[in-house]
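**Student:** With the hints as extra help, turn the sequences into a complete structure.
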Amino acid sequence: SGDRASDTSSTPPGTDPELTSVGDRSIGNNQGFFLRRVRLVFSGDINDYISLYLQPDFATNAATSSSNVDLHFAQLRDAYADIAFDKPHEYRIRAGQSKVPFGWENLQSSQNRLTLDRADALNSAVPSERDLGLFAYWTPSEVQKVWKDLTKKGLKTSGDYGVLGVGVYNGQSVNKAEANDNLYLVAHSTYPFDLGFLGSAMRGQVLEVGADVMSGRFTMNPAAYSNPYDNVTATVTPTNGSNFSISEDRVGVHAVLFPQPFGLQAEWNWGAGPTLNPNRDLSPTAGIQGVIERQNLNGGYVQAMYKIDDVFGTKGTMIPYVKWQTYNGAWKGATNAPRVDMDELEAGIEYQIFKALELTVAYSSMNRTNVSSASSADYLRQASGDLIRTQIQFNY
Amino acid sequence: SGDRASDTSSTPPGTDPELTSVGDRSIGNNQGFFLRRVRLVFSGDINDYISLYLQPDFATNAATSSSNVDLHFAQLRDAYADIAFDKPHEYRIRAGQSKVPFGWENLQSSQNRLTLDRADALNSAVPSERDLGLFAYWTPSEVQKVWKDLTKKGLKTSGDYGVLGVGVYNGQSVNKAEANDNLYLVAHSTYPFDLGFLGSAMRGQVLEVGADVMSGRFTMNPAAYSNPYDNVTATVTPTNGSNFSISEDRVGVHAVLFPQPFGLQAEWNWGAGPTLNPNRDLSPTAGIQGVIERQNLNGGYVQAMYKIDDVFGTKGTMIPYVKWQTYNGAWKGATNAPRVDMDELEAGIEYQIFKALELTVAYSSMNRTNVSSASSADYLRQASGDLIRTQIQFNY
Amino acid sequence: SGDRASDTSSTPPGTDPELTSVGDRSIGNNQGFFLRRVRLVFSGDINDYISLYLQPDFATNAATSSSNVDLHFAQLRDAYADIAFDKPHEYRIRAGQSKVPFGWENLQSSQNRLTLDRADALNSAVPSERDLGLFAYWTPSEVQKVWKDLTKKGLKTSGDYGVLGVGVYNGQSVNKAEANDNLYLVAHSTYPFDLGFLGSAMRGQVLEVGADVMSGRFTMNPAAYSNPYDNVTATVTPTNGSNFSISEDRVGVHAVLFPQPFGLQAEWNWGAGPTLNPNRDLSPTAGIQGVIERQNLNGGYVQAMYKIDDVFGTKGTMIPYVKWQTYNGAWKGATNAPRVDMDELEAGIEYQIFKALELTVAYSSMNRTNVSSASSADYLRQASGDLIRTQIQFNY
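Protein chains in written order, with the numbering used here: chain B, -1 to 394; chain E, -1 to 394; chain R, -1 to 394.
Treat the hints with caution; some may be incorrect.
[What the hints assert, rightly or not] To be clear about the criterion: a stretch of chain E counts as covered by chain B if any three or more of its residues have a C-beta under 8 Å from a C-beta of chain B, and this derived list gives those stretches:
#1 59 to 65
#2 69 to 83
[Unchecked claim] When the alpha-carbon atoms are kept at most 16 Å apart in a straight line, the in silico EDC-like pairs for lysine to aspartate or glutamate are as follows:
#3 Lys353/B x Asp43/R
#4 Lys353/R x Asp46/E
#5 Lys353/E x Asp43/B
#6 Lys353/E x Asp46/B
#7 Lys353/B x Asp46/R
#8 Lys353/R x Asp43/E
#9 Lys353/B x Asp384/B
No wet-lab data here; the hints were simulated from the structure.
For every residue, glycine included, the Cβ atom is placed at its ideal position computed from N, Cα and C.
**Tutor:** Laid out in structure tokens, this is it:
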């Protein structure tokens, strides 16, 4: 966890605003130990065709009264049923709350992900990665085998979301009620190519590439926010008439070279969606006004990593990595869908001491728009900082 | 899920109010996919006499702050211990949060129930069916055998709540704290008769009949509500002096002919309990005033069904059904215990493709009082509509 | 549950205030059946060195809207990993949310504890006993054996928290976010001595003695409270400038003679910590003002018990006990950390009918400061009363 309070003594307040991150709640002032994910999986095959999967998370905040919020309540992450149409499970339907197939890192489990957070640019499409809907996947047996073989070698796939996947879902984010009469649509494609055809030097190397699209309508409840304008902070509420339901469209691409031992991973997405315009100066008399409108967005990341097996003569594995990411566009998971302007360079090492225990140390240099609280004087201000984070992860 | 917004452009507002149902939260405007029940059961016999049963539900809303409510938190449905006094478990005490033995359909699990919702008339006695208390049941071994044999044939019993059952419980509904110093009392009776004595044509046919009584005192916190009176909507708060603790008494009867292949099922209950009188015009000067007072209630349902085994030459089972229900009385689970005036005709088919997977399609024509939000202009107005609902159910 | 309403007709109001307890939420007006703890344990050894432990509790209140609180949500109690450095587990680190090793009764599980509540004096150091942090324990194999042998005899140890334990933790209490940049420190010691060296009459008798220290900084959000002063009740908010982060330090001692058949148990702690001073009369003009300041605290308990095996010729065990406790100091778990002045005498019998089922009946004569609601007219007033409580406990 990083730790730097806002410098509230400066004029205007918040010129050295608090550094926070949409991806890691433990970055901010007054932080100590923090449980980021505590998850149990209940799953089972009911017969050859149907299986159920239920994953609650015990790291969710809930209010215990109108003035107090406590940590560590249990809330669903996943709750879905898989219905296969054939014994090899090449054709499947997934019904319930599950991951939305947009992006590659979004689909990879946090347990498998190398870096501490997902990249903002693609995660902004589906904050928390999940939604309630109906999805169909197709995965030929030979691709299932490629992914299983990669996993056996200790390589980190994104899990099986088909080489082709399509879905419809509510689109208001995980654990949120639907708020309009439009469903989101998503389509996902990916394919792992064996690069052996490039010559024997490349034999066994796997490059996975793919593209995704999504489209839908997002509805939000606008809330008053603290707006820094002309160095004066004012409280403004977005006014759109009655229209806070705005369409969102995105297209993304990804390419992943699995680290044997050197790996590369890159994703990018472009689109447009609901975005807070905090300073629409409508006229000299109307003054500053906020509106939520459709604006463009784009961003992505590039990551390089190197896998070292049997470190120190043990069964342990060490993967040093470096990741650069940038994003300029709305973060719809935050109040009023404010525009985030961020870039970040992270260098770290994941050390898997044995299967059950993983230690990650990462150094980050980040520049981010503070969107953690709409009523804070730091809201919409840029913060930058360097920080070192440590994470212990227990796998079971 | 049905979907119709209130016509707010009409005068007075809400003359074509939103159709909502106390039994199905997914009926209303702006609905998409919806998880109605996500339940896990943890249970076990500790020894020959004592067993524990714990069932959380992961489809409960909770506030995460003073202005935001999220879905899918885990909350207890059942948490009880059974203590038997004899090895065949003829005499049992059940301590904890469990179903209150009033009615027959109330006791039948949602997994077993044919229709999408329970009938309002009997469910209004114990919304969510459960409460915290102490219950005693007596089930002779020969009746345990009758019910087990019915279950083996794929017939849907209500579960074993004794041929006689008595209980005391808090009475403020499931997961609510006790709010007065009076406990509710309940007594339940039911008996499955083999109709073989009517001649060989009736051999194997089973008719279950019984009656129930309950009595207690219900305490509520009155809240401001939107009151349509003389076509003007005003906000009124019930005034009873300090007395919002009102006695409730009910008697119910039921009769069930299990479908072999033709079945009939009927229940009715009569009583009186706390009910909002929204328009007590106390005097010309005092104006409109609301009070919560003891008023009569009554209602029930009749259901016919037909069981078709081995449909399409498979192991599947199909049960077409038709159900008519009516209720006129208070819904104490809603703010201020408003009076509900409803009738509904539902025709549907449950298709159990195999044990793990059930699909239900139902057509309903319903007329209901909107009681979903006390502050809505639709509150207390009648809404009617026809709707088709689909439900996928996974059993494990 | 006890039951006595406040006598609000008296002048000043609340001169016969409601009797409530920080240790038992079921003491108060309008109480019926009550689920105090509903806990499931998920645990497992991942390998010879690492084990995980997860314990949610299903008896937590949460808000479902801004005006309603429901019972029985699932929230974490424990969530930790144990990492041992040696096969006999003499040296261990515990990471996550777990019990803070301060006191002896605090560490004993509620399932094992004889009395219905923990003593306030020591529990006030760590309300709910748990926090999020990093702890290290050392337990020599021979001491592990002593504790295991005691458990085999049906004696109730406090569990293995080392003969020496040290830890750092957030310190804002279980399931609360860290609120400052200081961690709490704690150190724990205990040792079970075999008294055989005192002569053959004492052979097999075990006396466990030890001492603990803790130190940290506690931060709170002050809230308006109802203040009885000069028999006039006023609403006051503590004013400390901006400093509501106050240091706390404590030292505690304990001694336990396990009941074979006669047992004795005693603990005491002294210290200072954040405490509400409700009536700091700053000056004739400023009037009454509240501040939260560092004040002394002290208190403890003495308990005697007698273990009767094979009661009534069965396998059952009966343990009559008597416990006297007193505490004068802050209860930091309540709003504004008010000073509690309490003493209590409890006499009871625990009857373990068989392993799975325990019945406890206890008579208490208690005198306590009411701190259950800061806005109540009873806040900070003394209440006394006698009550009989019954508890059924199911063990699995």
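**Student:** Decide, hint by hint, whether the structure agrees.
**Tutor:** Hints, one by one, checked against the model:
| no. | hint | verdict |
| --- | --- | --- |
| 1 | 59 to 65 | holds (count 6) |
| 2 | 69 to 83 | holds (count 4) |
| 3 | Lys353/B x Asp43/R | holds (13 Å) |
| 4 | Lys353/R x Asp46/E | holds (13 Å) |
| 5 | Lys353/E x Asp43/B | holds (13 Å) |
| 6 | Lys353/E x Asp46/B | holds (13 Å) |
| 7 | Lys353/B x Asp46/R | holds (13 Å) |
| 8 | Lys353/R x Asp43/E | holds (13 Å) |
| 9 | Lys353/B x Asp384/B | violated (30 Å) |
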